[in-house]
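Trainee: Each chain, written out:
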Amino acid sequence: MTNELLNVQDLQTRFKTPEGIIHAVNGISFHLNEGETLGVVGESGCGKSVSMLSILKLVAMPPGEIVSGVADFRGKDLLKMTPEEMRHVRGGQIAMVFQDPMTSLNPVMTIGKQMAEPLMLHLGFNKEQAQKRSIELLEQVGIPQAADRLKDYPHQYSGGMRQRVMIAMALSCNPQILIADEPTTALDVTIQAQIVELTIKLREQLGMAIIWITHDLGVVASIAHRVAVMYGGYIIEESPVKDLYANPTHPYTLGLLGSLPQIQAQSRQRLYSIDGMPPVLYRKPQACPFAPRCKFVVEHCWHENPSLEPISDGHYVACFVDTKTGRER
Amino acid sequence: MQTENEVLVRVEDLKVHFPIYRGVIRRQVGAVRAVDGVSFTIKKGETVGLVGESGCGKTTTGRAIIRLYEPTAGKIFFKDTELVSLKTEEMRMMRKDMQMIFQDPYASLNPRMTLRDIVGEPLLSFGLASGKQIDERVAELLKMVRLSPDFMLRYPHEFSGGQRQRIGIARSIAMNPSFVVCDEPISALDVSIQAQIINLFEDLQRDLNLTYLFIAHDLSMVRHISDRVAVMYLGIIAEMADRNEIYTNPLHPYTKALLSAIPVADPVYYESRKRIILEGDVPSPANPPSGCRFRTRCPIADEHCAESRPEFREITPGHFVACFKV
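Same order as they appear, the protein sequences are chains A and B.
Heads up: the first sequence begins at 14 in the working numbering, then just goes up one per residue.
Heads up: the second sequence begins at 13 in the working numbering, then just goes up one per residue.
Rather than coming from a laboratory, the hints here were simulated on the basis of the structure.
Hints may contain errors.
Said to hold, decoys possible - One-sided excerpt, in silico: chain A residues whose CB lies under 8 angstroms from chain B:
hint, residue
1, ILE79
2, SER81
3, GLN142
4, LYS145
5, GLY173
6, ALA206
7, HIS228
8, ASP229
9, GLY231
10, ALA234
11, LEU267
12, PRO274
13, TYR285
14, ILE287
15, MET290
16, PRO291
The structure presented is a predicted model; accordingly, all values stated were derived computationally and were not measured.
All C-beta atoms, glycine included, are put in the ideal place defined by N, C-alpha and C.
If we strip away everything but chain A, and leave its shape as in the complex, we get (with noise of 0.2 angstroms):
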């Protein structure tokens, strides 16, 4: 049994809007092993971003509200945790990285001065030790000409550079937790590769845990070790990264896999479609949230809310009907 390093029970998060409340995530349990990379999928909406954001308090309150949860961070909750302690971790021990590398840098300041900040501030390092530790870290993370670039603003970086600069700045004070969200989404394909291959390298050398959330089951597939795929603020399904693509077994999960095109098809199939679209959490489902798109869904689908269950070693499933067979289980 390996170390678990983080540990997330029953959490809620939702939003108060003008239209009404909206409940992003509706209790989602998960954890998360030393030097274990997860997975976390699904598509736009399914609170994906919001359950993590809501770990680090970085959901903004108001309009957002942690309803109830546990996210026990080696002994401590972070969750109950003062702005002070908060401080602390964030960007000391649990670090993220965000979509867009072209917002998420401040545009007038030099490359050299965003990436001495957290040295200083969470380290103590002086000017000449946060200096001398951001060109290590850019060698580290491949930027030629690292000390030169110190003094380049954001505007002269690429996407792809970028990108690369957030992850070094990630990393500066060694996190224990590296969150990642949608690292690549806004990157080509080549740079893309470029990010996934820099991330496993830099995870062999530092033994860091990794969140990484994507909508792409494709990246999921080459760095996860374990993945949870999310619909309507529920995890539906969890499993070791190799039988979730082996064994998909949640309606929606076969159905995201489905309408994939195969790459190496020779013949052209036409793609399986998951018919409707996500919803919108007005209300706090009382049902299954797939079931108006499920196209397994039973009588008993639209009076309860399935749990999340075993289905064998560490694969875990939120559906009463066994896809395999069609029947209930």
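Chain A is already provided as a structure; the job is to place chain B on it using the hints.
Mentor: Here is chain B on its own, set in the frame of chain A:
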């Protein structure tokens, strides 16, 4: 594909350069060579996929074909008409037969117009229908894209991204065009919605005998929908071939790298696959490398590649490559 050999669109040495102006008197100091000499044909009833990374000129090529951008040089033949030399009004009439679907379903629909006005506008502006006829045709078009005709008096903000893209598609087929340029029509959509839209494109192609130029950066989707695929890099076409040929037998080093970078939804695949990771970024099209455009990132380039530009030549029937090393 009943009429296998009939060419619908022929592009010859198309160039689109955007001037760069500097200084007080706005002197031209250079040009962004967005498209720098591409030639290809699209046959009637087929789908040609145009892929490449951002800034490679794929969208500019698509837009230049229906003259939303003025080509700097080159010729475009549609059926038997040469488009570049047409006057504005003549070109406008041609667009009845050549339409475009845009990437962003949020920006491409006027938020102050109802669906009836959006989808019916081309009919009105070409004077093909009026009054009740428009209502009937719009209802018919909405049904074709699997939207309820009851939505006719609603506004775009009431619809999701996938539904908006359907509205854009309904507008583009309103004139019964024979050729549609689809500019990244699914990039902004969620995975489960992408498959719905792709299936719709295929149904419409079959029912209306459409010809598509399908621009995308998602190589697996492009393989799925296209009959032939062209790979662009920094303003030129690096390679073009049948869909299966280009994916099973890629010849250009860029195509090889691009294919190996596609994320595949199969963890077992990654254990065996050797990925080709390209170094560095795409150079600026305002100042492209001499000789072969790809040489700065190419794993097999030598001095020869810097001297002259490789010709886009046919290696085997239907398989074109621009590389000295093939």
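Trainee: Check each numbered hint against the structure and report the violated ones by number, ascending.
Mentor: 1, 2, 3, 4 and 11
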